[in-house]
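Protein sequences appear in the order of chains A and E. In this text, residue positions in the first sequence follow our numbering: the first is 1, and each later residue adds one. In this text, residue positions in the second sequence follow our numbering: the first is 1001, and each later residue adds one.
Each hint should be verified, as a subset may be incorrect.
What the hints assert, rightly or not - Label-pair restraints from in silico Cβ distances: (1) A/288 - E/1049: 52 to 62 Å; (2) A/40 - E/1001: 12 to 22 Å; (3) A/151 - E/1113: 29 to 39 Å; (4) A/23 - E/1007: 31 to 41 Å; (5) E/1096 - A/22: 40 to 50 Å; (6) E/1094 - A/66: 34 to 44 Å; (7) E/1041 - A/179: 27 to 37 Å; (8) A/47 - E/1096: 28 to 38 Å; (9) E/1118 - A/297: 15 to 25 Å; (10) E/1125 - A/23: 29 to 39 Å; (11) A/63 - E/1001: 32 to 42 Å.
Quick caveat, the hints were computed from the structure, so don't treat them as lab data. No experiment lies behind these values; they were computed from the predicted model shown. C-beta: ideal position from N, C-alpha, C; glycine also.
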Amino acid sequence: MGKPANRVPKPWGVLATRPPIWPAFRGGLRSEAVTARVGRLLGIAFGLCFVTGLISHYQYSPWSWVPIPSAPAWGYRLTQGTHVVTGLVSVPLLITKLWSVFPKLFQWPPVRSVVHGLERLSIAILVSASIVEVGIGLLNILNWYPWRFSFIDVHHWLAWVVIGSLLLHIAVKLPVIRRGLAAALEQPPAPSLPDDELTDLDAPQTGISRRGVLIASGAGAGIVALTTAGQSLTPLHPIALLGVRDPQRAPLGVPINRTASQAGVRALATAPNYRLRMIGPKPFDLTLAELEAMQGVRRSYPISCVEGWSAGARWDGIQLMDIVRRMGGTVDSRVVLSSLEPDGPFKRSLIFGPELHAALLATHLNGSRLTIDHGYPVRLIAPNRAGVFNTKWVSRIELVG
Amino acid sequence: MRTARWLLAALGIAMLGYGIWRIFQFSAATQPRHLGSWLIAALILHDGIFSWLVVGIGWLLGRFVPGRARAYLQGALITAGLVALVAAPMIYRQGRSQPGQSLLERDYLANLAIIVACIAVVTGVAYLMRVRREDRAANVRPATDQTSVR
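If we strip away everything but chain E, and leave its shape as in the complex, we get:
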């Protein structure tokens, strides 16, 4: 186990080093300084902005949405948000391709809306089913007090 971990670490360091070496070796193509600014920007964008937006939305949901509904709303927002992240650049670039080029020929904003609507319907139905199940259990159990209910 210990040996395997050291071997894995050594292989990782070797591959990491190889990649960095090649980036600097082919600097005319890779533009290491420009690439470096992209790498740092990625960290700032994710750790400094995006993650805090997610934390903020979570906090707002915890503050203003009641317990049982919140779980479903959170689930729907996670799924829709992740899909929207992939769709966002498509929506932005749509209609900018060259004439004759078979590229981004769909209406990505409308299609994202369809996907979000499907997510909303599925989570909405799941939520209503749980509400019904729990309400029925709450109403039935104390009233009948029988073992045959379930």
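Just chain A, with the same shape it has in the complex:
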């Protein structure tokens, strides 16, 4: 964008001379060829993260005329597992990419024209938004929130900022990217700059090669992928050294994100006067004994968390549609389930369409009675549905339309 300014225009005259002490990098390890290759991988990772992230966000606010499909049951397991692994892999890729262009931060003059200034501003936005986006994503899967903003909102809207400024960056740099990808990785060392008084901050050429940097950084990204993916990809479980969740160690083989104590339902869920309350054209109540006496079914639905872990599981329970029909609802009903939880963003969840047809009010998980942390006495489970919306400790089922 813009022509390289041969002569610095008047208003920028003061910037024509570089300060006497100014960083210079002559290592030759950084090059367009390295940047373009790492950048291509990072671009693919960010693209995958964005698309899978939007799919996940759709779980939070689906349009009534485009219900979430219930098949394949492992759909969300795949997309959200991919989201978290590619997000983790983009940490090493992002660091390598930024390393490869670090000297450009010190280009002189800092700003050549208004257009150049705007381009640098867009890069500043891209860099800082990328670091924050990937960083808060990593902290979120650790349930660590050292900030005051809402993670879900910021992670969603900042993704638009990242991808928007990334597309702008690709548009601006396209000729450079094509040149970099076409260039051979190893080239004879460039002739060193004539100005010898510059401080040489990079190591001399005899160390690692450009190919070596790509291999080392790719190995870092690969190790991160292989040692974290085991929290959803069962064959990789034995080497999940950096897995945040461990399904095989969890009670009944399914990790617990939010315990009954955290939700404040420990006493309510075990109270003898527990009733499941149905609110609709034909309201009724069920005691736990009545609920357990109903005709049950068994389904195998994986449970997949927004934080990337997932586990295959076998559920026994009653079909939610049986209850909805008894309440006077139909397959087209919109149903809201409420938890015993006194308060909280995931106290209630809406279910409709194919997910409703396939949904279960589960009483058993992998052959055992639900534990209190798994949602005793009864929890919702539906295929291809984000974990947080599979409401635990269900106390109320309501037809809303």
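Use these hints to put chain E onto chain A, whose structure you have.
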């Protein structure tokens, strides 16, 4: 080509603008000022501190580690450093989850040590193989002066 670049740029600017607009629209949830301080802190942390640490380590390696070994040490440090960056918050947060919560149940410091040890073994073996190959080539070639060596 030119048209495609302009379209891509326009789409990028539109998405960027949409994101910024939404951040300010939902300011109760996004806390734009607080978020802004995180964004600026990210730049300062990366460009002002982290990158210079990397430059400094590179300079020290160039100064004190001899040529052939340096390439392998650099490679191992890059790989291990990148993995350590992901593992660091896990190590810091380990043991802080609520009782009953299936979260961070592994020993991440020990696991990182295992990964670093594997990286060290692989690069160490690669280095020794190169040393042997080069030493043999250096010893064999002048002594025998035959074409059948390779």
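Honestly, do residue 151 of chain A and residue 1113 of chain E meet the 29 to 39 Å range at C-beta? Hint holds: Cβ distance 31 Å, inside 29 to 39 Å.
27 to 37 Å was suggested as the range; check whether the CB atoms of residue 1041 of chain E and residue 179 of chain A agree with it. Check passed, 34 Å falls within 27 to 37 Å.
Range agreement (Cβ of residue 297 of chain A with Cβ of residue 1118 of chain E, hint 15 to 25 Å): Given a distance of about 47 Å, which is not inside 15 to 25 Å, the answer is violated.
C-beta pair residue 47 of chain A, residue 1096 of chain E: status relative to the range 28 to 38 Å that was hinted: 34 Å Cβ-Cβ, so the 28 to 38 Å window holds.
Between residue 40 of chain A and residue 1001 of chain E, does the beta-carbon spacing fit 12 to 22 Å? holds (18 Å)
Using the C-beta atoms of residue 288 of chain A and residue 1049 of chain E, is the stated range 52 to 62 Å upheld? About 58 Å separates the Cβ atoms of residue 288 of chain A and residue 1049 of chain E, which means 52 to 62 Å holds.
Between residue 1094 of chain E and residue 66 of chain A, does the C-beta distance stay in 34 to 44 Å? holds (41 Å)
At the C-beta level, are residue 63 of chain A and residue 1001 of chain E separated by a distance inside 32 to 42 Å? holds (37 Å)
Confirm or reject the claim that residue 1096 of chain E and residue 22 of chain A have a C-beta distance inside 40 to 50 Å. The hinted range 40 to 50 Å holds for residue 1096 of chain E and residue 22 of chain A, with Cβ atoms some 44 Å apart.
Taking 31 to 41 Å as the hint, is the beta-carbon distance of residue 23 of chain A and residue 1007 of chain E inside that range? holds (37 Å)
Does the Cβ-Cβ separation between residue 1125 of chain E and residue 23 of chain A fall within 29 to 39 Å? Because 37 Å falls inside the window, the suggested range holds.
When each numbered hint is compared with the structure, a violation occurs for hint 9 only.
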